[in-house]
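Peer 1: Same order as they appear, the protein sequences are chains A and B. Position 191, counted from 1, in the first sequence is what our numbering calls 191; the numbers after and before it change by one each time, with no gaps. Whatever position you read off the second sequence (first residue = 1), add 1000 for our numbering.
Each hint should be verified, as a subset may be incorrect.
Derived DEER-like restraints, expressed as beta-carbon distance ranges [said to hold, decoys possible]:
(1) S1114/B with G185/A: 53 to 59 Å
(2) S1114/B with Q280/A: 38 to 44 Å
(3) V1080/B with T270/A: 17 to 23 Å
(4) R1431/B with M4/A: 35 to 41 Å
(5) V1396/B with T243/A: 53 to 59 Å
(6) T270/A with T1282/B: 40 to 46 Å
(7) S1113/B with S151/A: 54 to 60 Å
(8) T1142/B with T247/A: 31 to 37 Å
(9) S1253/B with D63/A: 37 to 43 Å
(10) D63/A with T1150/B: 28 to 34 Å
(11) S255/A with S1076/B: 53 to 59 Å
To give an idea of the chain B side of the interface with chain A (calculated C-beta under 10 Å), a few residues [unchecked claim]:
(12) W1125
(13) S1353
(14) D1401
(15) E1414
(16) L1420
Some chain B residues judged to face chain A by a derived CB distance under 10 Å, without partners named [to be verified]:
(17) G1107
(18) L1109
(19) S1113
(20) A1123
(21) A1132
(22) P1135
(23) D1136
(24) D1351
(25) A1370
(26) T1392
(27) D1394
(28) V1410
Since the hints were derived computationally from the structure, they do not count as laboratory data. C-beta atoms are modelled at their ideal positions from N, C-alpha and C, and glycine is treated no differently.
Each chain, letter by letter, is given below.
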Amino acid sequence: MTTMRVTVGSLAYSGLAAIQSTSSTLADLQARLSSGNQILQPSDNPSGTVRAMSLRSEMARNDQYATNADDALAWLSTADTTYSQTVSVLQQARTLVLQGLNTGTNDATANAAVAQQINGLRSSLIALANTSYNGRPIFGGTTAGGAAYDSTGAYVGDTGAVTRMVGPNMTVPVSGNGPAVFGSGSSDVFAMLSSIASTMTTNPAALSGSLSDLDAAISRVSDAQAGEGATYQQVQNAQTAQTSASTSLKTQLSSIVDVDTAQMAIDVTTANTAYQAALQTTASVRQLSLLDFLK
Amino acid sequence: MTNWFAGIGQAMSGLDAARYGLDVVSQNIENADTAGYTRQTIQQAAVVTPPLSGIYTSRTAQADLGGVTVASTDRSDDPVLDARVRTEHGVGASMDTSASTLNMLQGVLGEPSSTGLSAQLSAFWTSWGSVANAPDSSGARTVVLQTAQTVAGTLQSLSGSIANVATQTSASLDSDVSQANSAATQLATLNGQIAIGNAVGQNVNSLLDQRDQLLDTLSKLVGGVATIGANGAATVTVGGQALVSGGSTAALSVDASHQVSVGGTAVALTGGSAAARVDLLTNTIPGYQAQLDNVANTLVAQGNAIQSAGYDLAGNTGAPLFSGTGAAGITVALTDPSGIAASATPGGNLDGSNALRASQAGSSTTGADAVFASLVGAMGSASALANQQQSTQDAVVSNVDALHASTSGVNYDEEVSNMLTYQHAFSASSRVLTTIDEMLDTLINHTGVVGRA
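Sequences are here, hints too, so could you generate the full structure?
Peer 2: The structure is reproduced here in structure tokens:
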């Protein structure tokens, strides 16, 4: 036989197979289109699925960097204000010392008043050194206590550093180091101011050496502030990098998992046409047989 | 010399053959849509009675003509194609089962999504970042424990879902085996009827149709390989062991370790849905379950290593975060948020560097995230491959089905055309009978009446 016999069964098979195949294509496209997802299950694109999972976790880490950077900037701004105020307090102390030197030993009452002022400045300095952010003293390292310095001016913080991770492998310190900013041991600014205040009442002329000490203390704070400024800049740069990384990650993820709506619209129309054609031919072809032409 | 009345008998045989032809046409048309029905055709043969030697030899040129007879009623089947259809159906059933079960398994994972285990692991690691930022915040610490609970709970439920798929597959395997046993029993009965029918010359075509359907069922279920004997009875072997032989059957069984046996002898199935189910139950599903257990064990090791490397809020070395083994057994052991080892140094300080390290653990290439990603990748690839093979096999199956339908199916045009042929044959034979009748009438009633009034 040269031509294939067409039978009731074979007609039904081919018609049904065409209808099922086109309708399953249509159903698949509709599922994608209505969910907006290109990948409905891992088998749709196994490597894309794994990539999408890794991109999502990278995005979560990136979001964490953004939170960390905001927190770091808040710590650093608090420190910045404190540094400026500290410098200003130390400069006032220097002015008072100069005043004491000029007055000399002649006016004990005036010297006592200056000494009292210096003690007052010392107290504000201790308060500044205990500046806290979110309940934690910014110069106290990682101490669990609420203060970096006690009322006598002794350091009660620890040597740890508070750090924030603001980018991949980019960790910055956000706390100031108390002893590095305010001096350590007997040479710290609190001891120095106490000694200046007591010398002021006894022998102001001996204070000439204290001016250079104060200058050294001021420059220590300024250096720390400059360092903090550099870190601030670094965090801001990291934030910019994080924002562009975030955009790039979103774009990459979208290109993998999101449907291309325009392409999908064309595909759906094509599939729909194929489905209608399959239905129509099946319906019309099976209508006739020789019986229709016999009388 | 032929008998004067022989023509009547011949015409009678023509009428009979035409009537039987119409019977077969009718049977074909009525069963055009019957599943498994094979079109039947009649073979007619002219009957010639050989001259009897020694009696009359002078007129041998006029051999005795005996009319027509129906030599046989054939089934329009092609045994080679039938065997090929069975084989492809067996392979197709195996692939359909693999693909649908693998799809079910990957559906269990629920990836890729923003809510699956992968996203939950991300949230868990990220929660450590918040603790690093605020080691004194009990809220941030509580979130670590909560996200750890979520991850552990999801691992448990994933493990349970995979075990459910295994249970369902095992139940389906049992059902395959019991259906195959019942088909084997029916086949053995049919074998007996076919053998007897053939021996006594009965038309056994409809029994053969039933036999072929059972053979197809056995191939789809357990990859039964059939051999058709000379008497029409079928022998079926499964994995090389005889399941049905003539009128006797061996029992097909499956044990708790999913080993299929025929008559007590263990066999390796080569086709049918049962073969796919045995492979899924003994290799694929336990493999995935082991990989999921590996995810859980890696997470337990990671979480506990982080804890033991750090110090909790009170300054003590961190206690284990997770306990248990395997995805089904993982639980969160730590209940006190202050027990989270955020600090890298002892002494009860507010250092967060250990927590910071933990927040980066999600990117580890040997961590739980990576192990889970490779599981999802493996499942996705296996499923994609199975779907691909299934659609290829589907094309092969519809091709052989179409060939089979074309060979064995009924075509109305053909039947109607045969119907017309038989109708005309009947009319023509009737006309022959009428003509002979008229001739005899002439001979009997109008001969020797010359001169009568």
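Peer 1: Run every hint past the structure and note whether it holds.
Peer 2: Structure-based check of each hint:
Separation of S1114/B from G185/A is about 55 Å and conforms to the stated range, judged on CB atoms against 53 to 59 Å. In this structure the hint that S1114/B and Q280/A lie 38 to 44 Å apart at CB holds, the actual value being about 42 Å. Between V1080/B and T270/A, the C-beta spacing of about 40 Å breaks the proposed range 17 to 23 Å. The hinted window of 35 to 41 Å between R1431/B and M4/A holds, with their beta carbons roughly 38 Å apart.
For the pair V1396/B and T243/A, the beta carbons lie near 54 Å from each other, so the given range of 53 to 59 Å is met. Distance hint check for T270/A and T1282/B: the Cβ-Cβ separation is about 43 Å, which falls inside the suggested range of 40 to 46 Å. Evaluation of the 54 to 60 Å hint for S1113/B and S151/A yields a pass: the beta carbon distance comes to about 57 Å. In this structure the supplied range 31 to 37 Å holds for T1142/B paired with T247/A, their Cβ-Cβ distance being about 33 Å.
Checked against the hint of 37 to 43 Å, the C-beta distance between S1253/B and D63/A comes to roughly 57 Å, which is inconsistent with it. At about 18 Å, the CB distance of D63/A to T1150/B disagrees with the hint of 28 to 34 Å. Separated by about 56 Å at the C-beta atoms, S255/A and S1076/B satisfy the suggested range of 53 to 59 Å. With a least beta-carbon distance of about 8 Å to chain A, the hint placing W1125/B at the interface is held under the 10 Å criterion.
For S1353/B, the interface hint holds, since its Cβ comes within 10 Å of a Cβ in chain A; the closest pair sits about 7 Å apart. With 10 Å as the threshold, the beta carbon of D1401/B comes within range of chain A, its nearest partner Cβ sitting at about 5 Å, so the hint holds. Given the 10 Å rule on beta carbons, the hint for E1414/B holds: about 8 Å separates it from the nearest Cβ of chain A. The restraint placing L1420/B at the interface with chain A holds, with a minimum CB-CB distance near 8 Å, inside the 10 Å limit.
At a threshold of 10 Å, the smallest CB-CB gap from G1107/B to chain A is about 6 Å, leaving the interface hint in force. Nearest Cβ of chain A to the Cβ of L1109/B: about 7 Å, under the 10 Å cut. The hint holds. Satisfaction of the interface hint for S1113/B is found here, the shortest Cβ-Cβ separation to chain A being roughly 9 Å, below the 10 Å cut-off. Interface hint status for A1123/B: upheld, as the beta-carbon distance to the closest one in chain A is roughly 7 Å, under 10 Å.
Checking A1132/B against chain A: minimum C-beta separation of about 8 Å stays under 10 Å; hint holds. Given the 10 Å rule on beta carbons, the hint for P1135/B holds: about 8 Å separates it from the nearest Cβ of chain A. Using the Cβ-Cβ criterion of 10 Å, the hint placing D1136/B at the interface with chain A is satisfied: the shortest such distance is roughly 7 Å. Taken as an interface hint, D1351/B checks out: its beta carbon lies about 4 Å from the nearest beta carbon of chain A, inside 10 Å.
With a least beta-carbon distance of about 9 Å to chain A, the hint placing A1370/B at the interface is held under the 10 Å criterion. Annotation: interface hint on T1392/B violated; nearest CB of chain A at approximately 13 Å, more than 10 Å. Hint status for D1394/B relative to chain A: holds, with the closest Cβ pair at about 9 Å, below 10 Å. Because the beta carbon of V1410/B sits about 5 Å from the nearest beta carbon in chain A, less than 10 Å, this interface hint is met.
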